[in-house]
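A.B. asks: Listed below, chain by chain, are the residues.
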Amino acid sequence: QQQVKQSPQSLIVQKGGISIINCAYENTAFDYFPWYQQFPGKGPALLIAIRPDVSEKKEGRFTISFNKSAKQFSLHIMDSQPGDSATYFCACMNTNAGKSTFGDGTTLTVKP
Amino acid sequence: DVKVTQSSRYLVKRTGEKVFLECVQDMDHENMFWYRQDPGLGLRLIYFSYDVKMKEKGDIPEGYSVSREKKERFSLILESASTNQTSMYLCASTGWSNQPQHFGDGTRLSIL
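Residue numbers (this note's numbering), protein chains in the order written: chain A, 1 to 112; chain B, 1001 to 1112.
It should be emphasised that the hints constitute simulated quantities derived from the structure, not laboratory data.
Do not take every clue at face value.
Here are the simulated BS3-like cross-link-like pairs (lysine-lysine), alpha carbons at most 27 Å apart as the crow flies [to be verified]: (1) 42/A with 1071/B; (2) 42/A with 1018/B; (3) 1018/B with 1053/B; (4) 42/A with 1003/B; (5) 1057/B with 1003/B; (6) 1070/B with 42/A; (7) 42/A with 1013/B; (8) 42/A with 1055/B; (9) 57/A with 68/A; (10) 42/A with 1057/B; (11) 1057/B with 5/A.
If you want the footprint, here are the derived chain A segments under chain B, 3+ residues with CB under 8 Å [what the hints assert, rightly or not]: (12) 33 to 44; (13) 87 to 98; (14) 102 to 109.
So the derived label-pair ranges between C-beta atoms look like this [claimed, not checked]: (15) 45/A with 1057/B: 24 to 34 Å; (16) 1007/B with 58/A: 36 to 46 Å; (17) 1040/B with 76/A: 22 to 32 Å; (18) 79/A with 1110/B: 34 to 44 Å.
Computed from a prediction, not measured in an experiment: that's the story for all the values here.
Built from N, CA and C at the ideal position, the CB exists for glycine as well.
Let the hints inform the model, and build the full structure from the sequences given.
C.D. replies: Here you go:
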């Protein structure tokens, strides 16, 4: 049973375009939703995160949209740059249990 | 900045060997985690620990054990390594259960 479904598996975007990655979850106990960015040879690093009491959070070119009723959230990267090429993971945290469940990851390639 | 250090970047071992992967964090974090990362499967939780000498099984604990004798150090042990344990292993820590995790850069383990 896959608790967190992430799509697409891979994504190719032209420089300046918008990259969109989606995640859906099932467990209503999840109450914190971070996105991580991972470059080759490095561990994942926190990019942006949202709590379910807000529907959107923006930090620079990165925005999370959150739909609590649909149990879905997405990462939008505006004005995508070649330096954004990386693997992106969504995560769902149950802060009471102290654990995170991760999506399978999306490999983003931004072409110059 | 939080630093999570994994002792080896690359490790090659033989089938049946006992393997130790070490992880140290420098921020006095209570919670520490071990994941394995495989292509297309995201990050899967092996074990986690929320205090010294405490441990909890994650989603895929079979074939692994852990040790946390000091707060800053969390060790993953492969009791008798098998080829299906060839993978990237990531350690993470967090101070509170409602905070995102900080990851090390991983140990790429090959079992021959």
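A.B. asks: Are the hints correct? Go through all of them and say.
C.D. replies: Hint check results:
| no. | hint | in the structure |
| --- | --- | --- |
| 1 | 42/A with 1071/B | holds, 24 Å |
| 2 | 42/A with 1018/B | holds, 26 Å |
| 3 | 1018/B with 1053/B | holds, 21 Å |
| 4 | 42/A with 1003/B | holds, 13 Å |
| 5 | 1057/B with 1003/B | holds, 24 Å |
| 6 | 1070/B with 42/A | holds, 25 Å |
| 7 | 42/A with 1013/B | holds, 22 Å |
| 8 | 42/A with 1055/B | holds, 26 Å |
| 9 | 57/A with 68/A | holds, 14 Å |
| 10 | 42/A with 1057/B | holds, 25 Å |
| 11 | 1057/B with 5/A | holds, 22 Å |
| 12 | 33 to 44 | holds (count 6) |
| 13 | 87 to 98 | holds (count 7) |
| 14 | 102 to 109 | holds (count 4) |
| 15 | 45/A with 1057/B: 24 to 34 Å | holds, 26 Å |
| 16 | 1007/B with 58/A: 36 to 46 Å | holds, 38 Å |
| 17 | 1040/B with 76/A: 22 to 32 Å | holds, 23 Å |
| 18 | 79/A with 1110/B: 34 to 44 Å | holds, 40 Å |
Of the hints listed earlier, there is not a single one the structure fails to meet.
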